[in-house]
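Engineer: Residue numbers (the numbering used here), protein chains in the order written: chain A, 1 to 62; chain B, 1 to 194.
Rather than coming from a laboratory, the hints here were simulated on the basis of the structure. For clarity, every value in this text was computed on a predicted model and none was experimentally measured. Some hints could be false.
What the hints assert, rightly or not - A few chain A residues that don't get close to chain B, going by computed Cβ distances all over 12 Å: (1) Met1; (2) Lys2; (3) Lys3; (4) Val5; (5) Glu37; (6) His38; (7) Ser39; (8) Met58; (9) Glu59; (10) Glu60; (11) Thr61; (12) Val62.
Unchecked claim - For lysine-lysine, the following PhoX-like pairs were computed, each having C-alpha atoms within a straight-line distance of at most 25 Å: (13) A:Lys57 to B:Lys84; (14) A:Lys9 to B:Lys188; (15) B:Lys68 to A:Lys57; (16) B:Lys6 to B:Lys84; (17) B:Lys79 to B:Lys186; (18) B:Lys6 to B:Lys68; (19) A:Lys9 to B:Lys79; (20) B:Lys5 to B:Lys70; (21) A:Lys35 to B:Lys75; (22) B:Lys3 to A:Lys9; (23) B:Lys6 to B:Lys79; (24) A:Lys35 to B:Lys192; (25) B:Lys54 to A:Lys57; (26) B:Lys3 to A:Lys3; (27) A:Lys3 to B:Lys75; (28) B:Lys188 to A:Lys35; (29) A:Lys35 to B:Lys3; (30) A:Lys35 to B:Lys126; (31) B:Lys116 to A:Lys35; (32) B:Lys5 to A:Lys2; (33) A:Lys9 to B:Lys84; (34) A:Lys35 to A:Lys3; (35) A:Lys57 to B:Lys70; (36) A:Lys3 to B:Lys79; (37) A:Lys57 to B:Lys6; (38) B:Lys116 to A:Lys3; (39) A:Lys9 to B:Lys186; (40) A:Lys9 to B:Lys54.
Backbone N, C-alpha and C define an ideal beta-carbon position, used for all residues, glycine too.
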Amino acid sequence: MKKAVIDEKNCVACGCCARVCPRNAIIIHRGVTAKVEHSVCISCGMCVRSCPASLIKMEETV
Amino acid sequence: MKKVKKWYDYLWILTPVYLALGFFNILFAWLGLVAFFTPLLISIFGGGKAYCNKYCARGQLFQLLGTKFKLSRNKPCPKWLYSKGFRYGFLTFFMIMFIQMLYNTYLVFGGASDLKQVVTLLWTFKLPWNFAYTTEVSPWIAQFSFGFYSVMMTSTILGLITMFLFKPRTWCVYCPMGTMTQGICKLKYRNKDI
Numbered sequence: 001m002k003k004a005v006i007d008e009k010n011c012v013a014c015g016c017c018a019r020v021c022p023r024n025a026i027i028i029h030r031g032v033t034a035k036v037e038h039s040v041c042i043s044c045g046m047c048v049r050s051c052p053a054s055l056i057k058m059e060e061t062v
Numbered sequence: 001m002k003k004v005k006k007w008y009d010y011l012w013i014l015t016p017v018y019l020a021l022g023f024f025n026i027l028f029a030w031l032g033l034v035a036f037f038t039p040l041l042i043s044i045f046g047g048g049k050a051y052c053n054k055y056c057a058r059g060q061l062f063q064l065l066g067t068k069f070k071l072s073r074n075k076p077c078p079k080w081l082y083s084k085g086f087r088y089g090f091l092t093f094f095m096i097m098f099i100q101m102l103y104n105t106y107l108v109f110g111g112a113s114d115l116k117q118v119v120t121l122l123w124t125f126k127l128p129w130n131f132a133y134t135t136e137v138s139p140w141i142a143q144f145s146f147g148f149y150s151v152m153m154t155s156t157i158l159g160l161i162t163m164f165l166f167k168p169r170t171w172c173v174y175c176p177m178g179t180m181t182q183g184i185c186k187l188k189y190r191n192k193d194i
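Same shape as in the complex, but just chain A (with noise of 0.2 Å):
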């Protein structure tokens, strides 16, 4: 199944994505990136949309 990936190296730890997600599966962390707990994501593809940068991208999981 596909989840959200953040591309952590660039992210501006904005939290758009944390506010936007229905889920909370987004935590700002340590105020340095987000980061997405896959388990609870359900790729409703909201953080995509609102991220500002455009780093998150639905991507297959292992």
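Assemble chain B onto chain A, guided by the hints.
Structural biologist: Then chain B, alone, in the frame of chain A:
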């Protein structure tokens, strides 16, 4: 699924209120220091980027205008905008402009230059703003107000432009405060597993 709104989801109102107050009395510009020190203090004292994530009034306003009012094209921003070089470069530029503003205040404080009742937009356009100087105070207090209000106006305008061109909160990508707070967090947790 609709999220339950928290009290801090209404902070966006502070941005238009702040900008409006500056039309009536420029001294209100000093209130903007809250938006300067709070994020720094939060990140220094271990709160991470809670300011950006939850409380930032400007970010919320852009989000509202860009999504509810559909004032954003919702296009991806160019890659260089989130590059380290541009973000730290913009922060440096912003700080130089900020220090210059403080220096102008200092000159007025020392009596070396006169109070200029202008608001400078985008570091270039000088607008006469004497109509908002209604209470007589020490000239340097007023000078700082005009300078700080110029900084706030300028950054709001830049934010509105990029909100329209790209995603609603594109400002957050190169916001100097955001870059600074993230930088502080990166330094603070450099030895921790991120």
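Engineer: Each hint: holds or not?
Structural biologist: Hint by hint, here is what the structure shows:
no.: 1; hint: Met1; in the structure: holds (19 Å)
no.: 2; hint: Lys2; in the structure: holds (19 Å)
no.: 3; hint: Lys3; in the structure: holds (18 Å)
no.: 4; hint: Val5; in the structure: holds (16 Å)
no.: 5; hint: Glu37; in the structure: holds (15 Å)
no.: 6; hint: His38; in the structure: holds (17 Å)
no.: 7; hint: Ser39; in the structure: holds (18 Å)
no.: 8; hint: Met58; in the structure: holds (15 Å)
no.: 9; hint: Glu59; in the structure: holds (17 Å)
no.: 10; hint: Glu60; in the structure: holds (21 Å)
no.: 11; hint: Thr61; in the structure: holds (19 Å)
no.: 12; hint: Val62; in the structure: holds (21 Å)
no.: 13; hint: A:Lys57 to B:Lys84; in the structure: holds (20 Å)
no.: 14; hint: A:Lys9 to B:Lys188; in the structure: holds (17 Å)
no.: 15; hint: B:Lys68 to A:Lys57; in the structure: holds (24 Å)
no.: 16; hint: B:Lys6 to B:Lys84; in the structure: violated (33 Å)
no.: 17; hint: B:Lys79 to B:Lys186; in the structure: holds (21 Å)
no.: 18; hint: B:Lys6 to B:Lys68; in the structure: holds (18 Å)
no.: 19; hint: A:Lys9 to B:Lys79; in the structure: holds (13 Å)
no.: 20; hint: B:Lys5 to B:Lys70; in the structure: holds (20 Å)
no.: 21; hint: A:Lys35 to B:Lys75; in the structure: holds (23 Å)
no.: 22; hint: B:Lys3 to A:Lys9; in the structure: violated (28 Å)
no.: 23; hint: B:Lys6 to B:Lys79; in the structure: violated (33 Å)
no.: 24; hint: A:Lys35 to B:Lys192; in the structure: holds (15 Å)
no.: 25; hint: B:Lys54 to A:Lys57; in the structure: holds (23 Å)
no.: 26; hint: B:Lys3 to A:Lys3; in the structure: holds (21 Å)
no.: 27; hint: A:Lys3 to B:Lys75; in the structure: holds (22 Å)
no.: 28; hint: B:Lys188 to A:Lys35; in the structure: holds (18 Å)
no.: 29; hint: A:Lys35 to B:Lys3; in the structure: holds (20 Å)
no.: 30; hint: A:Lys35 to B:Lys126; in the structure: violated (44 Å)
no.: 31; hint: B:Lys116 to A:Lys35; in the structure: violated (48 Å)
no.: 32; hint: B:Lys5 to A:Lys2; in the structure: violated (29 Å)
no.: 33; hint: A:Lys9 to B:Lys84; in the structure: holds (10 Å)
no.: 34; hint: A:Lys35 to A:Lys3; in the structure: holds (12 Å)
no.: 35; hint: A:Lys57 to B:Lys70; in the structure: holds (23 Å)
no.: 36; hint: A:Lys3 to B:Lys79; in the structure: holds (23 Å)
no.: 37; hint: A:Lys57 to B:Lys6; in the structure: violated (28 Å)
no.: 38; hint: B:Lys116 to A:Lys3; in the structure: violated (55 Å)
no.: 39; hint: A:Lys9 to B:Lys186; in the structure: holds (12 Å)
no.: 40; hint: A:Lys9 to B:Lys54; in the structure: holds (22 Å)
Hint compliance for this structure: hints 16, 22, 23, 30, 31, 32, 37, 38 are not met, and every other hint is.
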